[in-house]
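Enquirer: Once you have looked at the hints, place chain B on chain A.
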Amino acid sequence: MADPFRPPPVPGPRLGFALMGLGALLLCIGSYLGLFVAPSESYMGDVYRIMYVHVPTAWNTMLAFTFAFGAALAFLIKGEFKWDARLEAAVEVGVMMAGLLCLQGSIWAKPTWGVWWDWDPRLTTTAVMFFAFVGILALRRFVEDPVKRATWSAVATIVAYADVPIVYFSVRWWNSLHQMQSSPETVSRAFLIPLRTNAFAVLFLMAGLITVRTRIAALRLRQEMAPPLPEPASGLAAEGAR
Amino acid sequence: MTQLLAAVHKEWLLQSRAVAPLVAVLVFGATALLLFSFAVGPDYELLRGNAPGFLWLALLLSSTLTLAESFQAEMEHRALEGQLLLPASATAVYYAKALANWAQLALLGIALVPLMVALYDANLPRPLALFGIIALGTAGLSAPGTLYAAMTHQARSRQTLLPLLLFPLVVPVLIASVKATSLLMLGDPMGQVWSWTLLLFAFDAIHWSLCGLLFGRVVED
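Protein sequences appear in the order of chains A and B.
1 is the number of the first residue of the first sequence in our numbering; add one for each residue after it.
1001 is the number of the first residue of the second sequence in our numbering; add one for each residue after it.
Check each hint, because a few of them may be wrong.
[What the hints assert, rightly or not] Ranges of calculated distance between the beta carbons of each label pair, as one might list FRET restraints:
id: 1; chain 1: A; residue 1: L103; chain 2: B; residue 2: A1020; range: 45 to 55 Å
id: 2; chain 1: B; residue 1: A1073; chain 2: A; residue 2: R6; range: 34 to 44 Å
id: 3; chain 1: A; residue 1: L103; chain 2: B; residue 2: H1077; range: 41 to 51 Å
id: 4; chain 1: A; residue 1: G12; chain 2: B; residue 2: A1020; range: 52 to 62 Å
[To be verified] Some, not all, of what chain A presents toward chain B, calculated at C-beta under 7 Å:
id: 5; residue: F131
id: 6; residue: A132
id: 7; residue: G135
id: 8; residue: A138
id: 9; residue: F142
id: 10; residue: V143
id: 11; residue: T151
id: 12; residue: D163
id: 13; residue: I166
id: 14; residue: V167
Hints listed in this document are in silico derivations from the structure and should not be mistaken for laboratory results.
All figures in this text were calculated on a predicted structure; none of them were measured in a lab.
We treat Cβ as the ideally placed atom computed from N, Cα and C, and that holds for glycine.
So that you can see chain A by itself, here it is in the shape it has in the complex (with noise of 0.2 Å):
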């Protein structure tokens, strides 16, 4: 049977950087259509339209979280160092994304709501969410076993991952100012077209840099699991001293 804890395989570039490319391309369309051709919305106006990366960046970033949440699952049964690359690559992804959606929420609100933060379930959630997996990157810089750091992440992420519901749920309890999940029967369909192409767009984007930052994970580790070099010889080394 092969070892499990052998270097993980190192994906191409490629696929990466087309993902990236594809995002990049719908979102200037998606975005064209939001600034330009969307009507304004008849209470907020044109600030509204921050909507159209602020939406999309909020699914995404837990689709983010969701797949760190199946990489470690992934790794604690398999044992696969691939699955860790994925771990880092996730986490790391997703906590940009959400410390980049706490910034558009506090653009949105003070126009909006007439503050730059709100203790808002949803608010409070994204942020708990992000200092929670900020923890698990900081986990990983300090242990420099990689068997010990792809499994405590794991578990650091499964835990963190199990919590989120938690803390949704205690915070929901608390007066809100944020407004409910909106449904394609209650999006107007000149709003739906560029959120829907930005939501694609995002996670083409995600999707590369993932992948990306999986490919980074991976060589990084395959340098780390390496053998050592071999001594060198004691004729070279006098050469070298003289």
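Expert: What follows is chain B alone, placed relative to chain A:
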């Protein structure tokens, strides 16, 4: 079960022979309560209203000291490895350690209550119910805290890592415990305390089972 009892007995021996760290954590918690009152000022109305939050913040901060030190004895001379080679089940080792941490934190919480009453002039109409909330809240801190302490104790910068991992995770415990304590101390006309207690029960049940399940993977070599 026999293994769990043996591991609990070992924890009892460890704790009973090292009283100084317990006293140090108690003094730390008391100092934190004192410092919080400086942040607000001598307004008793304000202090009384914030007393539940201050109590739980003091407990949360003190818990990092208790948890960070909890694996100290196990790591010296590779004692944990020795236990697992005996072979003692990792689950029994985890539950004994989590129970010991829980007992320490619950006792600390109960010991800080009189100080909170004295410093903040807080009302304490239902002390037994408050002790119940302290027991549930500290159980929520100790279950994931013990798991993370086992990890971070073997890593660099463990004093930084443990709170970084633990604090975001125990946000529901903090919210529910502060709300339940506030309702018990300041009045509960709508009968809401039960719903927050239920949330604490749910958090404890999930984390005591999940962390017990995952601990074996954390300490395996």
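Enquirer: Would you mind marking each hint as holding or not holding in the structure?
Expert: Here's how the hints hold up against the structure:
Between L103/A and A1020/B the CB atoms are about 47 Å apart, so this pair conforms to the stated range of 45 to 55 Å. Checked against the hint of 34 to 44 Å, the C-beta distance between A1073/B and R6/A comes to roughly 36 Å, which is consistent with it. Under the hint 41 to 51 Å, the C-beta atoms of L103/A and H1077/B, about 49 Å apart, fit the expected range. The given range of 52 to 62 Å is respected by G12/A and A1020/B, whose C-beta atoms sit roughly 59 Å from each other.
Evaluation of the F131/A hint against chain B yields a held restraint, the C-beta minimum of about 4 Å falling below 7 Å. Using the Cβ-Cβ criterion of 7 Å, the hint placing A132/A at the interface with chain B is satisfied: the shortest such distance is roughly 4 Å. Of the supplied interface hints, the one on G135/A holds, with its beta-carbon coming within about 4 Å of a beta-carbon of chain B, less than 7 Å. Given the 7 Å rule on beta carbons, the hint for A138/A holds: about 5 Å separates it from the nearest Cβ of chain B.
A least Cβ separation of about 5 Å between F142/A and chain B falls short of the 7 Å threshold, and the interface hint therefore holds. For V143/A, the shortest C-beta to C-beta distance to chain B is roughly 5 Å, which falls under 7 Å, so the interface hint holds. At about 5 Å, the closest approach between the beta carbon of T151/A and any beta carbon in chain B falls short of 7 Å, and the interface hint on this residue holds. Hint on D163/A holds. Least Cβ distance to chain B is approximately 5 Å, under the 7 Å limit.
For I166/A, the shortest C-beta to C-beta distance to chain B is roughly 5 Å, which falls under 7 Å, so the interface hint holds. Taking 7 Å as the C-beta cut-off, the interface hint given for V167/A holds, the closest approach to chain B being about 5 Å.
Of the hints listed earlier, there is not a single one the structure fails to meet.
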